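Following the hints, position chains A and V against chain R.
Residue numbers (our numbering), protein chains in the order written: chain R, 1 to 278; chain A, 1 to 287; chain V, 1 to 364.
Calculated from the structure, these hints are not laboratory results.
A quick note: this is a predicted structure, and the numbers were derived from the prediction, not measured.
Some clues are possibly wrong.
The calculated SDA-like cross-link candidates involving lysine to any residue, where the alpha carbons are at most 20 Å apart (straight line), are [stated by the list, open to error]: (1) R/K102 x R/N170; (2) A/K70 x V/N362; (3) R/K102 x A/W14; (4) V/K325 x V/G159.
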Amino acid sequence: MMGKKYKDHNKLSRKKRPIGRLLLILMIIFFYMPIVFVILFSFNDSKSLTAFTGFSTIWYEKLFRSSRMMDSVYTTILVAVIATAVSTIVGTITALGLSKSKKVIRDLVTYVNDFPIMNPEIVTAIGLMLLFLTLGIERGLGTMILAHIAFCIPYVMLSVMPKIRSLDPNMADAAMDLGCTPWQALIKVIVPQIAPGIFSGALIAFTMSFDDFIISYFVTGRGIKNLSISVYTMSKRVNPIINAISTLIIATITLILILVNVVPIIIEKTRKKNENDN
Amino acid sequence: MKKINQLATPYIIWAGIMILLPMLLILFYAITDSGNGIVSFRLTLKPFGKFFTDPDFLLILWRSLGIALKTTIICIIIGYPVAYYIAGSDDRVQNLLILIITIPTWINMLVRTYAWIGLLSDGGLFSTILGFAGLKDVKLLYTEGAVILGMVYNFIPFMILQINASLSKMDHSLIQAAADLGANRTQCFLKVTLPLSLPGVVNGIALVFLPAVSSFFIPKMLGGGQYYLIGNVIENQFITVGEWNFGSAISIIMAVIMMAFMYVVRAIERRNSTVEEDDRRRRGAAL
Amino acid sequence: MRMTIKKFTVCILAAAIALCCLGGCGGRKDGPYAGRTLYIYNTGEYTGEWVLDDFEYQTGCKVIQDEFESNEQMYIKVANGDMYDLLIPSDYMIERLRQEGLIQPLDKSRITCWDLLTDECLGLGYDPQNEYSVPYFWGTVGIAYDKDKVSEEDLEREGWNIFLDPKYKGDMYLYDSERDMFMVALKALGYSMNTKDEGELREAYDWLIRVVENQEPEIVTDEIIDAMAQGRKALGIVYSGDANYIQVENEGMGFYLPEEGTNLWCDAMVIPANAENVDLAYEYINFISQYDEALDNSLTVGYTSPNRDVVEDLTGQGGEYSGIKSYIPRADNPNDEVFEFDADTRRIMADLWAKVKIAASNAN
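If we strip away everything but chain R, and leave its shape as in the complex, we get:
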């Protein structure tokens, strides 16, 4: 009953909120104008970033012919995929382990994990750079992956730990009483219950890694570049290839996000429809 009342209240107030609506529209324009601009000028037939002189796909041709530009895209994806996979698995296992550890250890790990989360990124970046140099590890793809794993795990743990805390502690025991091995209990009983936490942790890890510039910039070497680094090094001069590669990234990400968000709704709808038909 309350819900309905609230909704009425809501509808009423929405009609009276032209300012909020206007602000929202302005906000969306603000968010998307640069993106539209990038897409538009990626099809420009001159180098200018201020005057659209005609349609062409010359910058895309240049992009695809230049293997070096595409390499940075592969590096970005490769690093993000590995860092996400490793940090999700390690983060989840550690979080499970910590849930049975002494409180002192748990608190200690939480404090240590706070460093990369609460520190300015540039400080984390410099620390890792000094670490690799001190240990004599050559900087390159390997160090970039290690660094990404290092800053992703704390975020995964942050999103998995609360889910584990809210687990019923007797659940695993019950499963084992019913004949499960500890491993089976873990996989079949515990993991499915904390799956939403794992999933959102993986998602955060992926975006953090995909988007990272500062840490990658300091820990990479020998010309290994992710997308952010190549945009940064090229941004000094007008270079519409940046627009072309940006447009591809924008298109891919928008597509994935729409799929992830819309497909479940469609599946849900068809399932309901089928149920109704039956």
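Just chains A and V now, kept in the frame of chain R:
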């Protein structure tokens, strides 16, 4: 099941090497005077002295904090009403709007910042519009305004998402109750909604202020080469000047300031928040 | 939720597979150097459009080119043990790398391109016998100016001091490089740019402070090229190579070399002491010096090629840079110098320049 706690051991070792050791190394560099080697070093506080005795560096630190503060305030002033409006829509519209606001944050930050260069440069869209309005030759790119704009653009989604999350988690029957008890809309907002959404605002502040202080590519791309924030000073010390001891000292100073800031933010948040998981999400909030 | 997790996993797997497929192709498998990688460390935007791809095709190797913004940035990486097979730093930095044993002497018998190169860029002070380096690009530093806004008389009368002329307040670019800016300041004051005198360096610092505090300059790096080509400001300090591009793009722009003298510079290829693929590095040095590749380099980047025929063709009738004086570096002014490396002076300059930039930042 007892052995399960050993699952955490590998990570504890890893965290020692990959998180604690780097911090110790920065500290080590900050208090030594060894060039870039580990073999021969001397304890000294010279790097810190260099920073604190030079008014130029202090001015830059002060300005960096100021820029971050301005960015944060603008993000709250614009972000709050937007988040409030979104929270007031019905669920389907709300999910859609949140998706619309999230999509740009998934696109690489460098790419989004780069896009503003063309929009703000002389002869670009904005200077053309200003030209029609009679304001010719207004410099837009490579100004402090451009830097703040770039920061607001990059970080405001976090603010909106955080505030929106706390607003939509709110128990709406409280507002109803307040209204039933005769509070008008302004009173409802000030006495009920605002205090309840404060944890979101506080979280948003942390997510905006922290990256805004230390960012160095936004000032470099939109502020130009002569626009320096503290992040640029650090980058410059490590990448070009090669004074790693000094760079480390500035990093430590910045880290201490930010840690203190985050500690205060968390303390406020803990006092306000009833739900412990509030700060558990950064960008995942939207999905 | 479980549905989405599965989807997510599938997405990641698909991406990984696609990556492997795409990563696998590219590069010929049967060249003499197949399977090897050449690591080059060069200035950003300093390579012909197709040079690297051509080299990959010819040799079968893979080229990874890292890019630096300044010689100092390169030095820090190399001095800290980052491994590259070929570096392309400037004159004074080559001297430094040599003094510190970071580069190896060249086996001259393996370099087949000497007779293709212009004499003027060989045997310069930083490497008199060219035992360590092979020129890549060379040129001078001068003033790019808008012919409508700046009169030649002003330039001739004031020389570098035109940057202190209140007429051009807020209408100028400085170049973000300690060495080039100190060169300008020292030359403006009538000193040698290779001075080790701290008093003179102080004076140069004060000169620069006067510019940044009174003249509202913008301190930029490569942004200056497109900005000057669009005529955004009246004055800018540019490398002669960038001036070539600027003048080709915009006929209203000129390039002036003050009589007080300037920096004659040369960027050259050197092989680091810790290089792994020395064979490939030699291969690349010879390759890039050939006519076709040197032409692509010079056309794309706009800088003066060390290849004699390329210079002749580009500046001759119908050449891309015909009539553009800045393409051929000035060789007859006794005040022009080549940079020498001195560790103490460098440190002082770096420190002072960092302070100039901070002063500039605090001035607005």
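Going down the list of hints, with the structure as the test:
At most 20 Å may separate the alpha-carbon atoms for a hinted pair to count; R/K102 and R/N170 meet this at roughly 18 Å. Distance restraint check for A/K70 and V/N362: the Cα-Cα separation of roughly 18 Å lies within the 20 Å cut-off, and the hinted pair is therefore satisfied. Distance hint between R/K102 and A/W14 is fulfilled; the C-alpha atoms sit about 19 Å from each other, no more than 20 Å. Taking the CA atoms of V/K325 and V/G159, the gap is about 18 Å. The hint holds against a cut of 20 Å.
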